[in-house]
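Taken in sequence, the protein lines are chains A and B.
Under our numbering, think of the first position of the first sequence as 1, with each following residue one higher.
Under our numbering, think of the first position of the second sequence as 1, with each following residue one higher.
The hints are simulated quantities; they were obtained by calculation from the structure and are not laboratory data.
Treat each hint with caution, since some may be false.
[As the list claims (entries may be wrong)] In silico lysine to aspartate or glutamate, DMTMM-like type, Cα no more than 20 Å apart, as pairs:
| no. | chain 1 | residue 1 | chain 2 | residue 2 |
| --- | --- | --- | --- | --- |
| 1 | B | Lys105 | A | Asp17 |
| 2 | B | Lys110 | A | Asp75 |
| 3 | A | Lys42 | A | Asp62 |
| 4 | A | Lys2 | A | Asp62 |
| 5 | A | Lys2 | A | Glu24 |
| 6 | A | Lys42 | B | Asp56 |
| 7 | B | Lys105 | A | Asp75 |
| 8 | A | Lys4 | A | Glu55 |
| 9 | B | Lys105 | A | Glu74 |
| 10 | B | Lys105 | A | Glu24 |
| 11 | B | Lys110 | B | Asp56 |
| 12 | A | Lys2 | A | Glu74 |
| 13 | B | Lys105 | A | Asp8 |
| 14 | B | Lys110 | A | Glu24 |
[Stated by the list, open to error] Per label pair, the in silico range of CB-to-CB distance:
| no. | chain 1 | residue 1 | chain 2 | residue 2 | range |
| --- | --- | --- | --- | --- | --- |
| 15 | A | Ile48 | B | Ser132 | 46 to 56 Å |
| 16 | A | Ala16 | B | Tyr57 | 19 to 29 Å |
| 17 | B | Gly24 | A | Gln53 | 53 to 63 Å |
[Stated by the list, open to error] Examples of chain A residues toward chain B, derived with CB under 8 Å:
| no. | residue |
| --- | --- |
| 18 | Ile15 |
| 19 | Pro18 |
| 20 | Ala19 |
| 21 | Thr22 |
| 22 | Leu63 |
| 23 | Phe67 |
| 24 | Asn70 |
| 25 | Ile73 |
| 26 | Ala76 |
The beta carbon of each residue, even a glycine, is placed where N, CA and C say it ideally should be.
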Amino acid sequence: MKFKVQVDVSLRSGIADPAGATIERALPALGYEGVSGVSVGKTIRFTIEASDQEEAEAHAEDLCASFLINPVIEDATVTVEAGNGDL
Amino acid sequence: MTALVGVVVFPGSNCEMDCVESVGLLGGEGRLLWHGDDDVSGVDAVIVPGGFAHGDYLRPGAIARFSPVMSAVARFAADGGPVVGICNGFQVLTEAGLLPGALQKNSGLKFLCQPSTIRVSSENSSLTSRASVGDELSIPINHFEGNYTCDSETLAKLRGEDMIVLRYVDNPNGSVDDIAGVCNEGRNVVGLMPHPERACNEILGSSDGGVLLGSLLDLAA
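Just chain A, with the same shape it has in the complex (with noise of 0.2 Å):
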């Protein structure tokens, strides 16, 4: 059975993130007022065999914490949801 897999990997709290900064301090230029924690980061999305939900998530969340991202920087959030091809 086929999973579509969507890793959403943002910076852990504390962590300095120069580009969401950077992005907050251009948007008054451009007119945009009150637009406050501006966060960047990024999605992963893959598609994964397993038997079932549970083993799908088990080895998601597996890939993501040893390959996926670098826990002494990043968190993420892995959503798995049956089904095939693109998200």
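Fit chain B to the known structure of chain A by using the hints.
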């Protein structure tokens, strides 16, 4: 005996020949080690050089740490062998868990390619035994992700156990506590963002890097 220094080459490394050249200038012999090899061929020390190993995709060093040679480097380090990671090599060693902390984007979001002055904070490491605490060295930096970061517990440990080896005099990238280089608990593995191999000959503007790489050769000989 001439110290034999292995210099790891990943697809995308670009400072390996500078390392081989500077090791030769200092009286040692450099030998390239391909990333797909599963041993370090009996070398006396290992340098993981700068560049963009595996294109720096995902994160710098994230893919390189899975190269077969890195298991051999980890075994070599566990046996007490001296290992130095320079720039991208430092990033690879943190991703591999051989050094604490991580390197993120420079605080100013600029790629920095400039001379830097670094101060020796500990002379008790495989890279600083020829130096004295407080020595100031002129060594260039060349990086986008050199902003050293770690959690507060790790920082307290680095300070308490004298694991901060080099600090910037004028912090160019936002690194916590001005950190330019750290070592592991065994003090045989060192990572730094500045490039000592580019400062081993006066014709390049500085030969201060020779103090650092010379220390490595002393240990390797």
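The hints, checked one at a time:
Annotation: proposed proximity of Lys105 (chain B) to Asp17 (chain A) holds, straight-line Cα distance about 8 Å (limit 20 Å). The straight-line distance between the Cα atoms of Lys110 (chain B) and Asp75 (chain A) is roughly 24 Å, outside the 20 Å bound, and the hint therefore fails. For the hint linking Lys42 (chain A) to Asp62 (chain A), the alpha-carbon distance of about 18 Å falls within 20 Å, and the restraint holds. Between Lys2 (chain A) and Asp62 (chain A) the CA atoms are separated by roughly 17 Å; this keeps the pair inside 20 Å, and the hint holds.
Between the alpha carbons of Lys2 (chain A) and Glu24 (chain A) the distance comes to roughly 39 Å, so the proposed pair goes past 20 Å and is violated. Straight-line distance between C-alpha atoms of Lys42 (chain A) and Asp56 (chain B) comes to about 15 Å, which keeps the hinted pair within the 20 Å bound. Pair hint Lys105 (chain B) plus Asp75 (chain A) holds up; C-alpha atoms about 16 Å apart against a cutoff of 20 Å. In summary, the hint linking Lys4 (chain A) to Glu55 (chain A) is supported, as the alpha carbons are separated by about 13 Å, within the 20 Å threshold.
Straight-line distance between C-alpha atoms of Lys105 (chain B) and Glu74 (chain A) comes to about 13 Å, which keeps the hinted pair within the 20 Å bound. Proposed proximity of Lys105 (chain B) and Glu24 (chain A) is supported: the alpha carbons are some 17 Å apart, at most 20 Å. Note on Lys110 (chain B) and Asp56 (chain B): the hinted pairing holds, with a Cα-Cα distance of about 17 Å set against a maximum of 20 Å. About 27 Å separates the Cα atoms of Lys2 (chain A) and Glu74 (chain A), which puts this hinted pair outside 20 Å; it is violated.
Between Lys105 (chain B) and Asp8 (chain A), the direct Cα distance comes to roughly 19 Å. Compliance with the 20 Å bound is thereby established for this hinted pair. Taking the CA atoms of Lys110 (chain B) and Glu24 (chain A), the gap is near 17 Å; set against the 20 Å cutoff, the hint holds. For the pair Ile48 (chain A) and Ser132 (chain B), the beta carbons lie near 55 Å from each other, so the given range of 46 to 56 Å is met. About 23 Å separates the C-beta atoms of Ala16 (chain A) and Tyr57 (chain B), a value consistent with the hinted range of 19 to 29 Å.
The beta-carbon spacing between Gly24 (chain B) and Gln53 (chain A), approximately 58 Å, falls within the hinted interval of 53 to 63 Å. Because the smallest distance between the Cβ of Ile15 (chain A) and any Cβ of chain B comes to about 6 Å, under 8 Å, the interface hint for this residue holds. The beta carbon of Pro18 (chain A) comes within 5 Å of a beta carbon in chain B, closer than 8 Å, and the hint placing it at the interface holds. The criterion of a C-beta within 8 Å of any C-beta in chain B is met by Ala19 (chain A), whose closest approach is roughly 6 Å, and the hint holds.
Below 8 Å, beta-carbon pairs count as interface contacts, and Thr22 (chain A) has one with chain B at about 6 Å; its hint therefore holds. For Leu63 (chain A), the suggested interface contact is broken, since its CB lies about 12 Å from the closest CB of chain B, more than 8 Å. Hint status for Phe67 (chain A) relative to chain B: holds, with the closest Cβ pair at about 7 Å, below 8 Å. Proximity of Asn70 (chain A) to chain B holds as hinted, the smallest CB-CB distance being about 5 Å (cut-off 8 Å).
Evaluation of the Ile73 (chain A) hint against chain B yields a held restraint, the C-beta minimum of about 5 Å falling below 8 Å. For the restraint placing Ala76 (chain A) at the interface with chain B, the shortest Cβ-Cβ distance is roughly 12 Å, beyond the 8 Å limit, so the hint is violated.
Hints 2, 5, 12, 22 and 26, counting from the list given before, are not met by this structure.
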